[in-house]
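Could you slot chain V onto chain D? The hints should help.
The residues making up each chain are set out below.
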Amino acid sequence: MNKFVFFGGKGGVGKTTVSSAYGLKCARDGLRTLLVSTDPAHSTSDVFDQQFDDDPTAVEGHENLWAMELDPEEEVERHMREIKGSMTDQVSPAIVNEIDRQIELAHRTPGAYEAALFDRFIDVMRESDDYDRVVFDTSPTGGTLRLLALPEFLESWIERLTAKRKESVDLFEKAAIGDEEARERLRDDPIIRRLTERKENFEFAGRTLREDAVFYLVLNPDELSIEESHRAVTDLTDAGLTIGGLVVNKVAPAPDDDETGKGATYLRERHRTERARLDRIREEFDQPVLAVVEQRVSEIKGSLLDEVTAELDIDVEASPAGP
Amino acid sequence: MTAADRIDAYLDTLEEWLHGLYHGMIEHPSFEKIEKEAEDTADVFMFACFADAFGIPSPISYYTAELLPYLSEEFVQWERRMWDRESLIERKGQQYHF
Numbered sequence: 001m002n003k004f005v006f007f008g009g010k011g012g013v014g015k016t017t018v019s020s021a022y023g024l025k026c027a028r029d030g031l032r033t034l035l036v037s038t039d040p041a042h043s044t045s046d047v048f049d050q051q052f053d054d055d056p057t058a059v060e061g062h063e064n065l066w067a068m069e070l071d072p073e074e075e076v077e078r079h080m081r082e083i084k085g086s087m088t089d090q091v092s093p094a095i096v097n098e099i100d101r102q103i104e105l106a107h108r109t110p111g112a113y114e115a116a117l118f119d120r121f122i123d124v125m126r127e128s129d130d131y132d133r134v135v136f137d138t139s140p141t142g143g144t145l146r147l148l149a150l151p152e153f154l155e156s157w158i159e160r161l162t163a164k165r166k167e168s169v170d171l172f173e174k175a176a177i178g179d180e181e182a183r184e185r186l187r188d189d190p191i192i193r194r195l196t197e198r199k200e201n202f203e204f205a206g207r208t209l210r211e212d213a214v215f216y217l218v219l220n221p222d223e224l225s226i227e228e229s230h231r232a233v234t235d236l237t238d239a240g241l242t243i244g245g246l247v248v249n250k251v252a253p254a255p256d257d258d259e260t261g262k263g264a265t266y267l268r269e270r271h272r273t274e275r276a277r278l279d280r281i282r283e284e285f286d287q288p289v290l291a292v293v294e295q296r297v298s299e300i301k302g303s304l305l306d307e308v309t310a311e312l313d314i315d316v317e318a319s320p321a322g323p
Numbered sequence: 001m002t003a004a005d006r007i008d009a010y011l012d013t014l015e016e017w018l019h020g021l022y023h024g025m026i027e028h029p030s031f032e033k034i035e036k037e038a039e040d041t042a043d044v045f046m047f048a049c050f051a052d053a054f055g056i057p058s059p060i061s062y063y064t065a066e067l068l069p070y071l072s073e074e075f076v077q078w079e080r081r082m083w084d085r086e087s088l089i090e091r092k093g094q095q096y097h098f
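Chains as they are written, first to last, in the UniProt record's numbering: chain D, 1 to 323; chain V, 1 to 98.
Isolated chain D, as found in the complex:
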């Protein structure tokens, strides 16, 4: 049984709906479930008509279900404050400004947002002992995939940094033969300690994602969404992650046979092309299509969510057969 379940896909395909429904399904099956939204445009609050924040909150009206919305913005701020805080103890006031500029710079780069989100991912995974199942509603494909490829990438980078640092500290020690005190020492070097801590963190994340997590892709029956899912499958597989299957959302319903109006003709036509695409999806992907969810007219919440939950055919206890 995979403890961590990720739902990913192109923007606007209905990841939030599907992951909320899946979370609800798990909760109803008696699993203590935490629903985590990582999309910057949080909409879990809308689905359950309840405001969530950065801490897990029990979802009203549903047993065994908790939800939280990650806020990377806040995490970036916190990270920056922490560094600046530890700086005032260590750094002489003369150069604080110069260092400050570099710290601000490091926290304004686009990568900072992802790194912060990633840190929160790791926090949530580490502190998930209270839950049987953690469902991640991720941000649109590109961002999430980059994010999940991070551990390996960062790990090797940190490894190289550590090696360089050791080399230079070693040289400084050698240069100080005789009675001179080395400028830097290998033993208790705070830099190497920090880097090692970071590396362990990434290792944990990489291991957990590979061994204890499963990914479901949400897509719509349209060309763009299918193309993007193909890429996502390749990327996830390359990263050694397990893909559990596909959920096709927003499929147009067929009109009744006796309906012949303009709207009905449009819908019938559309239903036909979407059927064809659905067949194509079933054919082209190695992963099974676990659910086909019909398009709804109104926002999915309340009893509509129940309907979707019933349509969702992902076996809660299922452990996928492997990549």
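Worth flagging that the hints you see were computed from the coordinates, not collected in a lab.
This one's a predicted model, so the numbers in the text were calculated from it and none came from an experiment.
No residue lacks a Cβ here, since even glycine has one placed at the ideal position from N, Cα and C.
Hints may be right or wrong, so weigh each one.
As the list claims (entries may be wrong) - Covered by chain V, according to a simulated footprint, are these stretches of chain D (three or more residues, beta-carbon under 8 Å):
#1 130-137
#2 190-197
#3 258-269
Said to hold, decoys possible - Capping the alpha-carbon separation at 25 Å, the derived lysine-lysine pairs in PhoX-like fashion look like this:
#4 D/Lys166 <-> V/Lys36
#5 D/Lys3 <-> D/Lys174
#6 V/Lys33 <-> D/Lys174
#7 D/Lys166 <-> V/Lys33
Structure of chain V alone, referenced to chain D:
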């Protein structure tokens, strides 16, 4: 002052001079060389950590910023060195005292 004392004093001076010569020709340049090498390696490390200080986007700078409190002195010196350094030959050539 006896002759023996004078000889001792003479030998002391000679030893000091010889040691000075040895240090200046053999010992000191090699320390200096290692230290330069250490500094160069440290520079490479700093660059890998803070490439974004020179406008090169670095995905890791969010994490390496955590090291800044410990590297502050070095960072400022490094930044100055990187802007100022004229050429590799100039830097490598410093070990020869013409």
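Now for the hints, and whether the structure bears them out:
{"no.": "1", "hint": "130-137", "verdict": "violated (count 0)"}
{"no.": "2", "hint": "190-197", "verdict": "holds (count 4)"}
{"no.": "3", "hint": "258-269", "verdict": "violated (count 0)"}
{"no.": "4", "hint": "D/Lys166 <-> V/Lys36", "verdict": "holds, 16 Å"}
{"no.": "5", "hint": "D/Lys3 <-> D/Lys174", "verdict": "violated, 50 Å"}
{"no.": "6", "hint": "V/Lys33 <-> D/Lys174", "verdict": "holds, 11 Å"}
{"no.": "7", "hint": "D/Lys166 <-> V/Lys33", "verdict": "holds, 18 Å"}
The structure fails hints 1, 3, 5 (numbered hints given earlier, in ascending order).
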